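S.K.: Counting in the numbering used here, the sequence shown runs from 358 upward without gaps.
Everything labelled a hint here was simulated from the structure, so no lab data went into it.
Zero decoy hints are in this set.
Distance ranges between label pairs, derived from CB positions:
1) Ile472 to Val375: 19 to 29 Å
2) Phe391 to Ala425: 30 to 40 Å
3) Thr496 to Thr468: 30 to 40 Å
4) Leu405 to Thr438: 35 to 45 Å
5) Thr407 to Ala454: 24 to 34 Å
6) Ser483 to Asp377: 12 to 22 Å
7) Thr470 to Thr397: 37 to 47 Å
8) Ser412 to Thr496: 19 to 29 Å
9) Thr468 to Gly384: 13 to 23 Å
10) Asp401 to Ala380: 47 to 57 Å
Model, not experiment: these values are computed from the prediction.
In this text, a Cβ means the ideal position worked out from N, Cα and C, and glycines have one as well.
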Amino acid sequence: MATTATTYLANPTVLIGVVDVTAMCSGAVLTVGFDSLEMTTFGDSGHLYTKGLQSVGVELTLFDYYGAGSAEATLFAAVGTGTTTIVISPAGSSESATNPEYTITNAMMATFTPINAMVGELSTISASFTGGTFARDITP
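Start from the sequences, fold in the hints, and give me the full structure.
M.R.: See the structure below:
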């Protein structure tokens, strides 16, 4: 069923730690959920599952440049720590029912590619974070 409400992401915000990377970011994908734990017992006619630990994945595409406060410096500081906080909102920094803010804490970025360049193209960094916990905030 189609809906008349749509979201056009023209002004999302993305923070890695305390660094606002919104102006460097051209793509963000956030996947949240829970592990499925099987609880099927004898006599059940199908598999039964219950909710386990939170599951989080963040994929970011950022334009690369170097120096203090850059995408490269921010990601380099986060690689391998497992303590990164990421905050993502679809439409600016004012939380509401139509602009939920997701905060991911203790995310892990195992690796990243600090140099990804081709002649005549802008250099980008793809960063993948996994793990940690998520919280959704809609209070202004």
